[in-house]
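Participant: Residue numbers (my numbering), protein chains in the order written: chain A, 1 to 190; chain B, 191 to 370.
Since the hints were made in silico from the structure, they are not lab data.
Here are a few chain A residues that face chain B, going by a calculated C-beta distance under 10 angstroms:
id, residue
1, 34
2, 39
3, 46
4, 51
5, 63
6, 64
7, 67
8, 129
9, 136
10, 137
11, 158
12, 172
13, 174
14, 179
15, 181
Derived DSS-like pairs (lysine-lysine); straight-line CA-CA distance at most 30 angstroms:
id, chain 1, residue 1, chain 2, residue 2
16, B, 212, A, 182
17, B, 226, A, 182
18, A, 143, A, 188
19, B, 214, A, 188
20, B, 226, A, 188
21, A, 185, B, 226
22, A, 185, B, 212
23, B, 214, A, 185
24, A, 182, A, 100
25, A, 182, A, 101
26, B, 226, A, 143
27, A, 182, B, 214
28, A, 101, A, 84
29, B, 226, A, 127
30, A, 69, A, 101
31, A, 188, A, 100
We put the beta carbon where it would ideally sit given N, CA and C, even for glycine.
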Amino acid sequence: MERTVTASMPMALGNQDADAGLVERYLAGDTSAFDELMIRYERQIYRVCYRFVENREDAMDLAQEVFIKAFEHLPGFRRESSLKTWLYRIAINHCINHVKKHSHEFVEVAEHMSSVRPSVHAQLEEKEQREHFRRMVQHLPPKQKAIIELRINQQLSYEEIARISGRSISTIKASVFFALEKLRKLVKDR
Amino acid sequence: MFGHLEPEDFVNLIEGCALPAKRKSHLDSCARCGTKWTSMLAMHAEVTSLDADIPEPDWTEFRSAVRDRLLSRSLQRASAVRRWTGWSIQPAAAWALSVFVAVALTTGAFLWNTERTSSPAGVLEPLPLHPAVESNDAETVKAVWSQTALFDELVQLGDAEEEQLRQMIASAQKGTPYRQ
Chain A
1 MERTVTASMP MALGNQDADA GLVERYLAGD TSAFDELMIR YERQIYRVCY
51 RFVENREDAM DLAQEVFIKA FEHLPGFRRE SSLKTWLYRI AINHCINHVK
101 KHSHEFVEVA EHMSSVRPSV HAQLEEKEQR EHFRRMVQHL PPKQKAIIEL
151 RINQQLSYEE IARISGRSIS TIKASVFFAL EKLRKLVKDR
Chain B
191 MFGHLEPEDF VNLIEGCALP AKRKSHLDSC ARCGTKWTSM LAMHAEVTSL
241 DADIPEPDWT EFRSAVRDRL LSRSLQRASA VRRWTGWSIQ PAAAWALSVF
291 VAVALTTGAF LWNTERTSSP AGVLEPLPLH PAVESNDAET VKAVWSQTAL
341 FDELVQLGDA EEEQLRQMIA SAQKGTPYRQ
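Extracted from the complex, chain A is given alone in its bound form:
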């Protein structure tokens, strides 16, 4: 429940200070800081990962790997960006690498789903349409998918996404446009 509040809260300067304090405490050996850091970001990171793999187990695995990577590299975190930006960057890079490595598997799963799901959920047309749209989203290039997720679902600002991805705000806006445009074409061609 506490998560729902923290996850929907926009990152303010106060949150950054709180993050810095938690990082200090964690590095000093305070184990409770680990839980607090996890509670703050686990849901957001998991949802980003989910967008890339579209299944709970793989998303959990990916998110766990992101946190392991983050905690192992926390002593080297230079605080040039906020912890949130840093975590998202790790997550996006990790997910993109994962997708590149397992691209064949995703195609197989998607094809399998397309052959099975309609027969199972024939009566639930709305759900089926949403499922189909989800598969369309899976066809987006990984970077566009990441930007769509960060902006539309995670509601990060363009400035934050620009910092995470290392691109300009105009490029991010253009990516959002082209991702939506591509989705429109995919839906139209189905």
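Based on these hints, arrange chain B on the given structure of chain A.
Facilitator: Same frame as chain A, now just chain B:
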């Protein structure tokens, strides 16, 4: 002539930003931009709705899994380090190392001593040539030569001359003038 809306204009519209008056009037009058704008809004709404379907894991389990994996990785790292450095602190290895060092030192000292005593002590090594001679410096060669010549003259004295020299030295010691 004003063109169609740019990608950034559509995104700004989605974000709720107002367009400049000229672009707004273009959007109202251009069927192509209007269609695009409507479809983009629909896609945006579809993407937003996807967020609701994401199944949530058990967060306590998730956290403890991360903690366990972190712990096991740090233990693996620690054991890997111990595998490489542990030998130096194990007693058997320490004993073996100290015996090896002792044997090596004793053998080294013995060999060094043997080498020293086996070299012929009474035989003098030939003296190296005067470096100046080697360098062929004309003046130095001349000086060295003159000293050698005087020595040779002294060595080559005959008996009579030797007796004469002995008398000269004796009279000099007595303080009396030498008479030949």
